[in-house]
Amino acid sequence: MNHSELARDFNKDEQRVDWHDETLFWIRNKRDKAAQAIPEWEQLRESASAIKDNVLSGLHNYLLEFESNALRNGIKIHWAQDAAEHNLIVHSILKASGIRQMIKSKSMLTEECGLNAYLEKRDIEVIDTDLGERIVQLAKEPPSHIVLPCIHKKKEEIGTLFHEHLGTRKGESDPLVLTAAARENLRAAFLSRRAALTGVNFAVAETGEFVVCTNEGNADMGAHLAQVHIASMGLEKIIPKRAHLGIFLRLLTRSATGQPITTYSSHFQKPREGQQMHLIIVDNGRSAQLGKPDFRNSLKCIRCGACMNTCPVYRRSGGHSYQHAIAGPIGAILAPNLDMEQHADLPFASTLCGSCTHVCPVKINIHEQLYKWRQEIVKKTGVPAAKEMSMKLMKNALSDPALYRLAGKTGRFLLKYAPFTINNHFNPWYQQREMPQAPETSFRSWYLKHQK
Amino acid sequence: MKSREKILSRILEHQPESTALPFSPEIQGNETGSLQIFTEVLTKIGGHVYQPGNLNIMKDQIRGLFPGKSRKITTLSLFSDLADTGWTIQSPSELKDVEVAIIGAHFGVAENGALWITEDQMKQRVVPFICQHLVLLLEKKEILSDMKQAYSRIGDSTYGFGTFISGPSKTADIEQSLVLGAHGPKSLHVFLLD
Ligand code: SF4
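Protein chains in written order, with our numbering: chain A, 1 to 452; chain B, 1001 to 1194.
Derived from the structure by calculation, the hints contain no laboratory data.
Accuracy of the hints is not assured; some may be wrong.
[As the list claims (entries may be wrong)] The calculated label-pair distances, taken between Cβ atoms and stated as ranges, are: (1) Lys379(A) - Lys1006(B): 25 to 31 Å; (2) Lys372(A) - Asp1120(B): 47 to 53 Å; (3) Arg1153(B) - Lys76(A): 29 to 35 Å; (4) Thr1158(B) - Lys76(A): 17 to 23 Å.
A quick note: this is a predicted structure, and the numbers were derived from the prediction, not measured.
In this text, a Cβ means the ideal position worked out from N, Cα and C, and glycines have one as well.
Modelling step: build the complete structure from the supplied sequences, incorporating the hints.
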């Protein structure tokens, strides 16, 4: 199934979609308030963007600088070309210490690599500890949002899951009670697991340290209790200097949820005494993306999720409809880089309204890149039938003035008398929309009439 | 070629022409952060802020907050009459039953209510995370205005592990309802002293 078909499924439950839509927009509004409270906000975005540009242009040396400093700090560094190699490295680290159970805090990279499934096949149990991720793990689903993994779930469904797996009372759906149950259950896991895997938000070349941000404290509970800490990081997470954290940490959480900063921003410089600390630097298509001038600056992404919260398509189609670890506008740029044919539908899952670009803290030109992907995809693979047709119609209409006028008239006619026809044929996005009222006369007819 | 070399050579081949690092903007606003803003922000995100006046008042306040015989530990000899100062452990999991931990912080940041704490102040890294309630001590004059100042204060120091803590552990993963005490402390109490 492609994105628009899955989106149609998601839209069958109208109440849920409305809730999803409104909740994400509420978070988007919190982001606006937080941003407006910082007078130098635009300057911060500008700086963050310029720092990331500099990182991409000097990535080779920054990675080497980071590696040598991290090694000096006692961190073991591994390099993985792709998902398979990343998973193999994790497995071999665990095997070397005879570990069969691991806890994990939020890492979108391990979702991208399919690590959980890989390890489970090798009889290694993985427990996700971020509450939202734990919930989707129990439901045997992938996260639907990079910051809010179970934003698509209602509390009653979570109550049912917890009743089944954690033994909470049947019908219990109070978030306070459910969170307390998860806390107790996961605490036992934190205390007994010998290995913990975390993601990486930023890695500082100058100091060889890495920073992990959470609100729950789960990355810290895992890392500080375990004998083996594995951190998985996409190679674009490098920043040159420690002082640059002062810019990124100001932007990250304000953009994500509107909080001034996450509860914990933990700086791992050296392993704890007696602890093994491993860091895996993962490529998985990133160095190829770096070679595409039109798309390379998608590598500046700091995974705040703001572009998803603001996207009218994401809000009404849900993260799962993207069928990729990173959903939403940025996911629709990153996914085709990994497999263009498989993800050819994603760059079309956008209205190109530009709201994503407008909120992005590192100023990625998201909607322009989506538009560019469309052109690439049309050139190389052809597009799904419905869109191909509407695009052809559009192209013909635009290149032929007479046709354009006719299409304008037909369009108005269809809108007025048979909206379902235009809905189904021209654009899958209109299926769930009330179409606007068609004006009685088009601007062109009005203009011609009044010109005389 | 090993993966490392392959990745690095692809990057070298693909990275664009070098661009400059931005000129870092000058420090905005006051050199010292506002106590009032710090208190407001930290309170809003679920923390409690106290200005006890002197050490004895502070101790009474802590006793009032945490009566009873539950396990309390500290890394500050100042509080030996309130909490265990002599604790030593073989494994960090031995701290699982700690109810209250009392430790010091280097400085606080007004714009986000965060406090900077390093490993030497924790003794064990897990202390500020595993306790049920966390008490932090901060000198009033150690409040900076924003994160830019925070990093200029941290400079190039080495700390093994350091963290900004801003409020109690929290989650809103279930239908966006805020719950305090996700995996870390359920409450955070910051005492400001002269
Ligand atoms: S593309 Fe920009 S807005 Fe979207 S997640 Fe990345 S940093 Fe945030």
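Consistency of the hints with the structure:
no.: 1; hint: Lys379(A) - Lys1006(B): 25 to 31 Å; in the structure: holds, 29 Å
no.: 2; hint: Lys372(A) - Asp1120(B): 47 to 53 Å; in the structure: holds, 51 Å
no.: 3; hint: Arg1153(B) - Lys76(A): 29 to 35 Å; in the structure: holds, 31 Å
no.: 4; hint: Thr1158(B) - Lys76(A): 17 to 23 Å; in the structure: holds, 19 Å
In summary, this structure violates none of the numbered hints.
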